[in-house]
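K.L.:
Given next are the chains, with one letter for each unit.
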Amino acid sequence: MVGWVGVVGIIGGLWVAAPAAAGQQPSPPSDHPDSFGLGRPATTSEIEALDIDVMPDGTGLPEGSGTAADGARTWTRTCRGCHGPDGEGGTAAPVVGRDPSSNRSTVGNYWPYATTLYDYINRAMPRNAPGSLTAPQVYGLVAWILAKNDIITTEAVMDARTLPAVVMPARDRFVRDDRRGGPEVR
Amino acid sequence: MANERIRHTDAGAPRRRERLTRRELLAGAAGAMGAAAVAPVAGQQSVTTTRRAGRGPNEVDQRSRFVTPQRDPSATSSRTPLQDLRGTITPADLHFERHHGGVPDIDPAQYELLVHGMVDRPTVFSLADLQQFPATSRICFLECSGNLRRGTPETLPQMVCGLTSQTEWTGVLLSTVLKEVGANPDATWFLAEGQDAAVMTRSIPMEKAFDDAMIVYAQNGDALMPGNGYPARLLLPGWEGNSSVKWLRRIELADQPFMTREETSKYTDPLGDGSQSRQFSFVMDARSIITDPAFPRVIEPGWHEIRGLAWSGRGRITGVDVSADGGTTWQAATLQGPVLPKAHVRFRHRWEWGGEPAEIMSRATDETGYVQPTWETLRAARGPRTRYHQNPITSWTVGDDGRVLFGAERLRS
Chain A
299 MVGWVGVVGI IGGLWVAAPA AAGQQPSPPS DHPDSFGLGR PATTSEIEAL
349 DIDVMPDGTG LPEGSGTAAD GARTWTRTCR GCHGPDGEGG TAAPVVGRDP
399 SSNRSTVGNY WPYATTLYDY INRAMPRNAP GSLTAPQVYG LVAWILAKND
449 IITTEAVMDA RTLPAVVMPA RDRFVRDDRR GGPEVR
Chain B
462 MANERIRHTD AGAPRRRERL TRRELLAGAA GAMGAAAVAP VAGQQSVTTT
512 RRAGRGPNEV DQRSRFVTPQ RDPSATSSRT PLQDLRGTIT PADLHFERHH
562 GGVPDIDPAQ YELLVHGMVD RPTVFSLADL QQFPATSRIC FLECSGNLRR
612 GTPETLPQMV CGLTSQTEWT GVLLSTVLKE VGANPDATWF LAEGQDAAVM
662 TRSIPMEKAF DDAMIVYAQN GDALMPGNGY PARLLLPGWE GNSSVKWLRR
712 IELADQPFMT REETSKYTDP LGDGSQSRQF SFVMDARSII TDPAFPRVIE
762 PGWHEIRGLA WSGRGRITGV DVSADGGTTW QAATLQGPVL PKAHVRFRHR
812 WEWGGEPAEI MSRATDETGY VQPTWETLRA ARGPRTRYHQ NPITSWTVGD
862 DGRVLFGAER LRS
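These protein sequences, in sequence, are chains A and B. Quick note: to get our numbering, add 298 to the position in the first sequence (first position is 1). Quick note: to get our numbering, add 461 to the position in the second sequence (first position is 1).
Note that these hints are calculated values from the structure, not bench results. There may be inaccurate statements among the hints.
With the Cβ distance kept under 8 Å, some of the chain A side facing chain B (calculated, not the full set) [unchecked claim]:
| # | residue |
| --- | --- |
| 1 | L336 |
| 2 | G337 |
| 3 | P339 |
| 4 | S343 |
| 5 | D349 |
| 6 | M353 |
| 7 | G356 |
| 8 | P410 |
| 9 | A463 |
| 10 | P481 |
Keep in mind it's a predicted model, so treat the numbers as computed, not measured. Backbone N, C-alpha and C define an ideal beta-carbon position, used for all residues, glycine too.
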């Protein structure tokens with residue numbers, strides 16, 4: 299979900315040359331016409347229906363809110379069977395654990411952004427019924443997992459404003475790829 | 462074949478302590494092969510097939526009933542039987558699979574790809590639209606970045622690194638589609654999203670979109686196999702398989718990465734003492750594996766051809782060295798042309814085995830001058846907790862009884 303709105307918008311499939319200056323331009327073969335006239339304009343409602351991603355700055359988070367107590371109820375009903383009653387020790391990956399020296403990567407020791415938790419649970423969990431949770435349920439589950447990891451308090455309310463402000467223990471863990479080929483092994 | 466071969470070996474390998482001669486070993490293995498290997502009566506084979514017409518033409522041919530290569534499936538992936546293949550193109554039904562939410566069943570008539578975000582014209586493309594764009598074909602490998610099993614001595618090539626396969630893909634350049642929708646030049650990343658139950662998402666730098674990224678709908682000239690993204694997937698040549706998102710339903714251009722679970726929690730490499738992790742490590746470094754002779758073969762003294770595959774996500778393979786003495790001395794293997802960039806290449810090397818214990822291994826070099834490292838070098842560079850993108854030199858030991866085993870010892874620690 300990007301906040302940006304197309305500067306030209308949908309003008310009946312008309313190709314308006316974008317300014318050539320700033321970034322890189324697509325580089326299809328130069329003998330291609332400006333447009334092949336393929337595809338149809340996407341409507342706002344069909345974009346909204348598919349555009350479920352949540353970015354680290356919170357762009358894409360929906361209305362609604364939840365607390366750890368709300369999340370605990372949903373967890374027991376829909377998640378504990380695979381992930382264990384307390385978020386670890388189940389057949390599926392643990393979601394609780396702060397030990398930075400542990401070999402197991404968990405939300406508490408490895409995830410850099412709390413927003414990713416919303417995005418992932420909303421799109422892919424529960425594994426046996428993905429896409430079945432409401433926004434308040436997801437906020438509650440996120441709050442429950444974050445509280446279990448001692449990242450937020452059990453009273454904290456998670457919503458579109460508070461969730462992006464949560465600073466994860468692993469926020470500064472990640473560095474960009476510095477492999478460039480050549481003789482040095484990295 | 463793979464599974465059968467394991468069974469043969471189990472049946473043929475000596476369980477008792479006393480040593481069998483190599484010939485007895487081979488005879489034991491052959492005996493376990495059943496009908497296919499019943500001792501031939503002179504002339505019988507030609508008689509049975511020459512005095513009766515064979516089957517007529519059919520709609521879809523199948524492998525000979527004597528040929529049964531199989532992928533090796535686990536709960537999350539299925540591995541290509543590298544030891545059973547002799548060229549560089551992987552038959553579509555043997556291409557490896559890895560997915561996070563199962564294989565969706567997509568009706569091509571219902572399929573749509575939405576391209577939106579930082580574009581002038583958010584657009585929905587049907588499969589027919591994608592196929593009507595100028596098409597291009599390209600041969601390249603795909604490899605899962607989790608493609609190393611260290612295993613035991615009784616490990617097949619398929620199990621060591623069968624999460625790589627090669628295909629002639631056909632589709633449209635992503636840059637062509639982006640021109641059609643009017644990509645904003647300030648976009649730096651795009652999100653690729655799948656239509657599977659994991660609704661798989663990865664953030665990809667726009668440079669790749671303008672370089673060689675494609676949206677492909679054909680695999681070896683045929684429609685994609687369901688496990689490989691039917692009806693359409695992203696293809697990022699040379700990059701870790703997970704980023705070539707399958708069952709592609711949406712592309713969104715943005716000015717920052719989306720930080721999805723698969724590029725934070727997963728597919729990142731802890732470095733050093735593990736307090737840092739490398740992120741967005743897309744390119745697959747150069748690698749090679751000897752696919753024959755390999756476990757579970759039993760070989761006899763004499764001339765052999767050491768055969769294998771080498772590849773690099775950074776471009777062309779420029780050389781493969783082979784050692785038969787555990788890395789003390791190396792000789793250049795022959796590369797089978799054409800040597801394509803970001804593609805599996807076959808290497809072959811003639812080797813006379815005198816019957817003494819040996820350890821055979823291969824080492825790939827690519828056009829950037831990168832040389833496939835040993836396990837020790839790789840671990841020294843990355844630290845003991847490295848998880849993905851592992852490309853160490855691997856070996857096969859040959860015992861004085863001719864049995865070939867995976868050099869699991871080399872990957873200890």
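K.L.:
Check each numbered hint from earlier against the structure, then list the numbers of those it violates in ascending order.
P.N.:
Hints 4, 7 and 9 are the ones this structure does not satisfy, whereas the remaining hints hold.
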